[in-house]
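Q: Listed below are the residues making up each chain.
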Amino acid sequence: MAEAHAPSTAQPAHGGGHASVRTYVNVAIVLAIITAVEVATLYIHGIPNWLLVSSLLLMSAAKFYLVVGFFMHLKYDSNVMRSLFVGPLIIAILIILAVMALFSAYILLPRTYP
Amino acid sequence: MATQAAFMPGAQAKEQGVLWSWLTTVDHKRIGILYGSTAFIFFLIGGIEALIMRLQLARPDNTLVSAQTFNELFTMHGTTMVFLAIMPMSAAFFNFMIPLMIGARDVAFPRLNALSYWIFLSGGLFLNASWLFGMAPDGGWFGYANLTSAQFSPAHSIDFWMLGLQILGVSSMLAGFNFIVTILNMRAPGMTLMRMPVFIWMSLVTQFLLVLAFPAITVALILLMFDRFFGTLFYLPSAGGDPLLWQHLFWIFGHPEVYILILPAMGIVSEVLPTFARKPLFGAPVVIYSGIMIGFFGFGVWSHHMFSVGMGPVADSAFSIATMLIAVPTGVKILNWISTLWGGSIRFSTALYFSLGFIAMFTMGGLSGVMHASPPVDLQQTDTYFVVAHFHYVLFGGSIFGLFSGAYYWWPKITGRLLDEGLGKLHFWLMMIGFNVTFFPQHFLGLIGMPRRIYTYAPDLGWNFWNMVSTIGAFVIALSFVVFIYNVIKTTRTGQVAGPDPWDGRTLEWSIPSPPPVYNFARVPTVHERDDFWLGKYGDGHGGKPRGAPAPVTAAELAAIHMPPPSYWPILLAIALSIMVTGIMISAYQIIVGGLLTLFLMYKFAMEYHRPPEGHGH
Amino acid sequence: MADHAVPHAAHDPNIGTTGLDHRKMGMWIFLGSDCMFFGSLIGTYLAYKGKSLSGPGPHDVFNIPLTSYSAALLLASSLTMVLALAALQHNRVKAAAGWLTATALMGLHFVLNQVYEFWSFAVHEGLKLSTSLFGSSFYVLTGFHGAHVTGGVIWLLLIVSLALRGKIDARDYTKVEVAGLYWHFVDIVWIAIFTVIYLIP
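Chains as they are written, first to last, in the working numbering: chain F, -11 to 102; chain C, 42 to 659; chain E, 1252 to 1452.
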């Protein structure tokens, strides 16, 4: 859609809907809460390593999803934009996992080194 | 060309000098010609490097060049052929043909396109400048750590290689972003993804490979740069660093890179065969899906370059199985190409010869490749001339033959004249014979034990005869290029004038004049089918009649076309970027000055059309 | 062939035949490739985790409270970024410039925190680039992230300066949106780095 040549209050076209300011603030609050919980989890005495690591990864994945989906608008954008980002993201994650395996860097296993 | 000026906004419509018009062009067709000519010159340089190596190896205990020089020759030959010849030659075709084949008037970001070319030229010149300083890189085109560390390679040779590749990487990635957006977002109305020509599909997959694989080598080179200049320990065994980290990062790039090198040629073959068999590509959707699979799974096989480093049986098996699986979609394509020819009405043009040569030679290279996929077999073959034979069969017999097929096929569209078919066939046969005489014996040499990257050998090892044969073949290849160059020169003035459609083609580029006007399409076409142009000429055989000649283009339609004007920011920005990057091996002041200049020029580039003149949104 | 001439008046060269903006599409694929860039750096860090021969380890030196504050800064800056866009959409340029300035300043604060962190590691903890694999991989990974943030700060401040000079308005929404996408990406990379490098033991 062509953008008007004179400033106007017409909304430029965006794919799909649009989050409101209120949604953005809510998302920001949720992000702050998750971050606080993440940090607090570190200080839970005696938490098993596998539970610590998996809950941290899950929480950061949730934050990732919220920022990408709402702040970056990807939830409302076309499939093309989604695929252009998510495809490479998946490839990058798979390669990180493969490199970890090749270098025997299993962060989920109990630490046997100081 | 006078027509360039006619379609630009008033202020820039004044006539330009010829040199200035080339330096500031943003026309994808001119940029394609720049890429193609520059790539060909680098190709000849790489070829001379090869000839010197073959002369040195023709006889045992030879003293034509020293071991050091030989190391530089094989390093520069490989680096040049991969990054300065095959990739930019493919880029020449991407640039010229992609907009034409999708019915567009230019790429999505014309100035970024020019920028990619000038950065490529800077990188190529910088890399080859190393010869002038007597510091040509000597660590192999794959620069394994920790030979490349400051301790074992204290001279600037490796820095030329490292920084040159970083510069070239920027060029490739910018072009990748540009072509992805162009292909996804600028297709003519009605051209759905599955109606796109297969060359466009293979190019699209290649662009994704470029933008996803280059970051890995960028990181590998950054880690090397930090090791060499800032004392980090990434590749330092004495500090716990692992040279295999380099190998993994390099081959995570390097394997997709070989698909980057072959997929465009496969796309070209997929256009040439149907045209000269007068038959649609057999199973086009399957060829497309195979290309996509090769691209995606190409990220999962990289350690097949590392079977001899001791990764252990699990890793070896995983990568071995993945590598064998990837041969399947490749084989599918070969069967589809052969089926395209079967039952077709074949015209044996030079372009077709080269495509047929591609199929035969690439298949042979693929067979030796499948052998390498088995780790125990590869342990015998790796680091021997067997591997050298394999990759030359796929890269020369494959990519180069494919690119020449494209050259003879699209030459009339680009230049308006046909290359001489008689000379073309002579070129083909000399190249075919010379290529096989050079590289087939290298399979034998590998199996009887000749290692790679040695500058000479003892006379009693049994390698003398085939080395001499191989060298003779190399000079036959060289002769074939003399024929090609003569053909180009001869037909420049007196070649047969090609009309818009000399081959009775199937795709949109043949529907416009040769060479095309600056705006490509006077009227943006609407596409109904794959091979829509062909169907428009001949009907679809199911009662759909051929479309008659379209109504003539009106002056009003032409007046409505606006092409982007030339710009000098791309070439300036490319120079600034090179100053900044090369400063890493010269001085911090150069980095700072180059960096500030780069930032300033990026700003000017971005602001050039911030508020375009009235009537031209940009 | 049923052709049609594209009417000139409606032709915005930034919008493609899918109706999507070229620049937005280009930025998303750039961010996809940047995932591979940071993925390679994170992979390197994890490959070498725990393998340093000497020097302080991550949990000897990390200041989790400071780093958590930095993470919160970036998250907050993502909020101010979308608020800037919401304002610009309604042509409230001054408000947009204000929110963009807040975004840039929070980003700058993040970078200054990082500079402080690097300085204190080097001077007080004896952790330099050349100390150990941890030193090398930590500084290069987080340093390149910081460089990305710095680039973003410069970009945003340039937009602010253009806005204050009356050269930005609602017409430029997509340009600012594209800057926003870059900014949010820098934030999500930090989400990954914060968790994987700082939090996970």
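FYI, nobody ran anything at the bench for these hints, they're computed from the structure. Quick caveat: nothing in here was measured; it's all calculated off a predicted structure. A portion of the hints provided could be inaccurate.
[Claimed, not checked] Calculated cross-link-like contacts (lysine-lysine; reagent style BS3-like; alpha-carbon spacing at most 27 Å):
#, chain 1, residue 1, chain 2, residue 2
1, C, K645, E, K1426
2, F, K63, E, K1426
3, C, K466, C, K320
4, E, K1426, E, K1302
5, E, K1302, C, K645
6, C, K645, C, K320
7, E, K1379, C, K645
Q: Now tell me if each hint is right for this structure.
A: Here is how each hint holds up against the structure:
1. C/K645 / E/K1426: holds (15 Å)
2. F/K63 / E/K1426: Distance of about 20 Å is within 27 Å: holds.
3. C/K466 / C/K320: Since the Cα atoms of C/K466 and C/K320 sit roughly 23 Å apart, the hinted pair holds (cutoff 27 Å).
4. E/K1426 / E/K1302: Judged against 27 Å, a Cα distance of about 44 Å means the pair is violated.
5. E/K1302 / C/K645: Roughly 46 Å between the alpha carbons, so the hint for E/K1302 and C/K645 is violated.
6. C/K645 / C/K320: Violated, because 50 Å separates the two Cα atoms, which is more than 27 Å.
7. E/K1379 / C/K645: This hinted pair is violated, its Cα atoms lying about 38 Å apart.
Hints 4, 5, 6, 7, counting from the list given before, are not met by this structure.
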